[in-house]
Amino acid sequence: MSNSMTDWTIILRSLRARLFSTITTVVTVAVAVALMLVLLMMRDSGRRAFERGSGNMHLLVSADASPLVSILNGIFYANPPRRPIAWSKYQEIAAKFPLDFAVPTQLGDSYQGNPVLATTPEFFTKFQPVPKEPWKLASGKFFDTEWQVVLGARAAATTGLKLGDQIALTHGAGGSRDTGASKDAQPGPAPGHVHSEFKYTVVGILEPTGSAHDRALFTNLNSTWIIHAFDRRERAEHASDSSKDHDHADHDHDHDHDHDHDHKAHHEPPMTLADITDEDRKVTGLYLRLITREGSDSPANLPQIFDMLRRDPTITVAQPNQEITRLFSIVGNIDQILVGMAGVVMASSGIAIMLALYNSMEQRRRQIAVLRVLGASQTRIFGLVLTESALVGVLGAILGLVISLLGVRIVTAIMRDRLGLVIEPLLSPEVAMLVVVATIALGVLAGFIPALMAYRTPVAKNLKPLG
Amino acid sequence: MSTTLALHIRSLKFQYPGTADKQWTVNILDFKLAPAEQTLLTGGSGSGKSTLLQLVAGLLDIQQGSIEVAGVSLASLSRAKRDLHRGRTTGMIFQTFNLLHGFSACENVMAALMFSSIPPSQHRATALQLLAQLGIDKPDSDPDRLSVGQQQRVAVARAIACKPALILADEPTASLDPENAGGAMDLIQQTCRSIGAALLCVSHDPAMASRFERRISLRDLNAQATQEAAR
Chain A
1 MSNSMTDWTI ILRSLRARLF STITTVVTVA VAVALMLVLL MMRDSGRRAF
51 ERGSGNMHLL VSADASPLVS ILNGIFYANP PRRPIAWSKY QEIAAKFPLD
101 FAVPTQLGDS YQGNPVLATT PEFFTKFQPV PKEPWKLASG KFFDTEWQVV
151 LGARAAATTG LKLGDQIALT HGAGGSRDTG ASKDAQPGPA PGHVHSEFKY
201 TVVGILEPTG SAHDRALFTN LNSTWIIHAF DRRERAEHAS DSSKDHDHAD
251 HDHDHDHDHD HDHKAHHEPP MTLADITDED RKVTGLYLRL ITREGSDSPA
301 NLPQIFDMLR RDPTITVAQP NQEITRLFSI VGNIDQILVG MAGVVMASSG
351 IAIMLALYNS MEQRRRQIAV LRVLGASQTR IFGLVLTESA LVGVLGAILG
401 LVISLLGVRI VTAIMRDRLG LVIEPLLSPE VAMLVVVATI ALGVLAGFIP
451 ALMAYRTPVA KNLKPLG
Chain B
468 MSTTLALHIR SLKFQYPGTA DKQWTVNILD FKLAPAEQTL LTGGSGSGKS
518 TLLQLVAGLL DIQQGSIEVA GVSLASLSRA KRDLHRGRTT GMIFQTFNLL
568 HGFSACENVM AALMFSSIPP SQHRATALQL LAQLGIDKPD SDPDRLSVGQ
618 QQRVAVARAI ACKPALILAD EPTASLDPEN AGGAMDLIQQ TCRSIGAALL
668 CVSHDPAMAS RFERRISLRD LNAQATQEAA R
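Going line by line, the protein sequences match chains A and B.
Quick note: the first sequence, position 344, residue 344 per the numbering used here, numbers continuous.
Start counting at 1 in the second sequence, then tack on 467, and there's your number in the numbering used here.
Keep in mind that the hints were calculated from the coordinates and are not lab data.
Virtual Cβ for every residue (Gly too), placed ideally from N, Cα, C.
Hints are not guaranteed to be accurate.
Derived lysine to aspartate or glutamate pairs resembling EDC-like cross-links, with alpha carbons at most 16 Å apart [said to hold, decoys possible]: (1) Lys89(A) <-> Glu279(A); (2) Lys461(A) <-> Glu362(A); (3) Lys126(A) <-> Glu362(A); (4) Lys464(A) <-> Glu638(B); (5) Lys461(A) <-> Glu535(B); (6) Lys132(A) <-> Asp100(A).
If you want a taste of the chain A side facing chain B, the calculated C-beta under 7 Å gives, among others [stated by the list, open to error]: (7) Asn3; (8) Met5; (9) Ser377.
Next comes chain B alone, as it looks inside the complex (with noise of 0.2 Å):
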């Protein structure tokens, strides 16, 4: 295992145009996650969960401080080259499936592929091998018409498709009942594991925290940032 950072946040601030003057959305010194390490961002809505994932996964302008994923800071990046590292090296799982409707489970994990270095002839081999992996047994049929497990395994053998460094979970489990929800964690904790990357995983659920390890809340990494600028 490579010992670059998944993901290394330092001194990241970003506040969105139009509020007070150092009214930061999200202010955070130094953050670290380890390959294939796990932690949960716990954080009540309104907190700056979404915005910050949505800084690391490239999709948010930097304003200060710097990200850096895979060892790539996002800031030296165009917006375009950003796009193509957040499909090579970030995986991204949503409280709804966010499955593309009109192609087949294995044409969702092939548009994954599109943005990686897999020569396209090889896509539908690796594709069709994932989904096997994850238990998919009917690959060409439309994901509406699977189960609500089957999509669940769908969207997270799309977002691994490009063997990312980093897995950024956003409330994975929201939509689900506890039952379901317990065994889709599994399913999202396990295949990380198993590629060695690094699992993000937003969630205000309770249940989640004795799933990890490394929990931290996003209130705390502001009130850090804001205690040692008070220094």
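So here's chain A without its partners, still in its complex pose (with noise of 0.2 Å):
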């Protein structure tokens, strides 16, 4: 029990005793603020995730259908690319450039829904995955031969796998993400069936980089080579076993059950880098960087080089920086529609305080008459009125920042699980203060009419008895 009454003490009983109003209004303001600041939060965070994840490249060679889906497939792990390079391509273009790195790359393959890069080690020791922050180990090495496996930081949190766990990959994209296009594309073995005749063994995790990689698994080009000439003369096999006694639905039914012990009979062992042939060696894309002076990143003859590559018809070619600038022309003006209308959400629930009040403000004429028989001033009952409203705008700006920071996670899990962008949410203090002080701002404007109605209240008429 307070000692003396206050301003404080009559705003608060005003707004507890309109209870309901209270809440639906703080509720409305608190979507309308968590909506903005989501907005704000995945847009400079999207922006950044995309911009991370290319690093230190110039160029991304590739055989997908156009520049910003090679990106998409070949940096965001959005899709494994459909069409291989042969290795020819990639020895032809390693020595015909003057290249500080190009590195071979491969996907196809995953492990529980995360997509496995193989590459060689030049990926770790030449390509930088963020320009100048270099790939750093929580734990163990980068692989070294066949069968190792090098976790990214988020693949190591979800799958809980830990060094020296030993794991089997699975062809195809499995897991939740789009493998129904690929289905029809890729030839050969049904998608989404577990190479558990080769076990690779867990031999690093990386430190996280905030780019899509963090949610891959790197193992070398060998191993995935040799499992997929594996897969090949399995198919050949197959194909002629069929023919003999069984028919076709039959086997594919029974195809992953018998997959181990049923091969390890034919082959022993399975297969080894000296069964691979040069069919088998396909990468599906090449991180390519040019020489470049001490302290720069922009070589002159980049866009020679870019120009000659894309007249080989056989081969898409991407310039990162240009694709993900490109892709955010677009994409930012849907952003600014989004916060526009995140804005007009917030001033409709500006309008919600605004009524609640106006409505609550017939009901308490004879208060306010009361209070200004008792003493109070026109400015301090405008006063009291204003602040009722700020403070719902207050309250708003509090509870939406908590929704928000709730809301995000949900939205960064949907972006990671449908879109493979990993976004590391960040809201910058900057930005919540003036998404708060805005809302504040809006409580105060909201409450300016039903504040006037308070200062004109006539006294002598509302303290009549009421009929």
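Assembling the complex is the task here: the two chains are given apart, and the hints tell you how they should meet.
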């Protein structure tokens, strides 16, 4: 029990007296604030996420349909590229141009929905996922031979794998992501089958980079080639098998279950590096970096080399920076529209505050008149209502901030699972402050008309008996 | 007791905007109320009683003439100062008690003390003491749960909380039956005497007349001014 009455007692009592209206108004404001904050957070960190990942590469070569698709597939692991590049093409490009590095990559396998990137050790030593931030190991080492796998930070976290664990990879993307499209495109074993004949050992876990690479597992190309050579061999055998004893549908049904012991019996040991042919040596992407002068990141011959590579009809060449800028010129408009819409939602929530107060004014006329008689000035009454309105804004802003921090986790989880975009949502204190201040200002603005009504409340008329 | 008049009205003229020229709703040449003096002001509806009370309370701006409450001319004060002056020097009692809903009896009295010069730390103690004097034994209960008589007492306690020099009572008994009306008037008059506040009671209840030594009709007051002007 407090020792005296203050304006705050009156304000809080008024908010409590119409509790339902207060709660709904605060929630309305909070949702609007949360929507705005989530959009702003996503916009900033979305761009940041897109800017990370291509790191210090200048060019990405693939056989994808367009440069943008090649970036989305090759750097953000959106889908496994459908068409491979022959090893000879890699050798040709690596030999022809003055390159700092040419790192071959191969995508197509997965582990529990996480993409597996098969590459060479240069991926870790030369390529940097974020410029000037080379790969760092949280534990273990980079792979140095076949059947070793290094985990991206998020892949390690989501799978729970530890150093020394043995895993079998899945051919195809598997998991929750879009496998439907690749089904028809990729001939051979049913997508999603497990290469359980070949066990990989976890040898290293990477530090987070804040890029899509965190979601991936890394292994060397030879391992992948051996598996695919094995698949190819198996395919050929089954083709002749099925013509002899059982029909094709039957075989497909048994495939996964029988895989392991069935083939161990036929081939012991299953397959080695010596068995792979040039046909098996396929990659899906090349990360290229031109030789640059010290301290410069835009070599003068980049446009020229880009042009030369573009003339080759068998490959698609992309400049990641350009593609990301282009992507954001499209997305940028959309997010401006979204932020604009969030602004409209915020304005509507301001109207909600105003309506709630406006409706309460009718019942408060007598209270206001009594306070006036007791000595309150018109200005003080005005301030009382305006403060009440601002307080709804403050409560809405605080609740909205909390909701947005929870909401953004959900949205980032969806972005990660559906789009393969790793977004670290960051709310800059300036932006948060700006939105909070704007919300309070909105509350003040919304309270203006009701406060004016309160200011003008005639005293004598409202002290008379009702009816 | 101070010799400063509780109320002094001089050459007061008031008309509402839009009424014909010189059609004064209130036109008072001179009216004095000494400290602790009790006066009954009578007049039919539309006689300007309510307007006069609002002028004295400082709720209407003075157009001509002057009103001094507790020695301070209302016209010399800004609106906000006038509001504060009213809070500290003038207590008002109404036909309906006009207690604040959602606030306890004690809080209703403390609401009046918000505008006093008493330090906030003493507000609750002051309010409780006042309510106890007036016979309220459940000061923390909602006034809606108290009897009509008790609500009246809370309203009186609130009106005198700031130790005003002047109490304005506007038809204080109009909604009470004769028995309760008597009790209410006893309470108001005794309380005013005990704190030394002057009482200006506006009523058209004939039963009131015997309670006041000084009775004056607003029509007479206005006429007095008109005669003076005619001279």
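We went through each hint and held it up to the structure:
For the proposed pair Lys89(A) and Glu279(A), the alpha carbon gap of about 12 Å is at most 16 Å, so the pair holds. With a CA separation close to 13 Å, the supplied pair Lys461(A) and Glu362(A) stays within the 16 Å bound. Restraint check: the Cα-Cα separation between Lys126(A) and Glu362(A) comes to about 73 Å, which exceeds 16 Å; the hinted pair is violated. Note on Lys464(A) and Glu638(B): the hinted pairing holds, with a Cα-Cα distance of about 10 Å set against a maximum of 16 Å.
Distance hint between Lys461(A) and Glu535(B) is unfulfilled; the C-alpha atoms sit about 24 Å from each other, more than 16 Å. Taking the CA atoms of Lys132(A) and Asp100(A), the gap is about 15 Å. The hint holds against a cut of 16 Å. About 5 Å separates the beta-carbon of Asn3(A) from the nearest beta-carbon of chain B, less than 7 Å, and the hint is met. The interface hint given for Met5(A) holds, since its Cβ lies 4 Å from the closest Cβ of chain B, which is under the 7 Å cut-off.
Using the Cβ-Cβ criterion of 7 Å, the hint placing Ser377(A) at the interface with chain B is satisfied: the shortest such distance is roughly 4 Å.
Of the hints listed earlier, those the structure fails to meet are numbers 3 and 5, in rising order.
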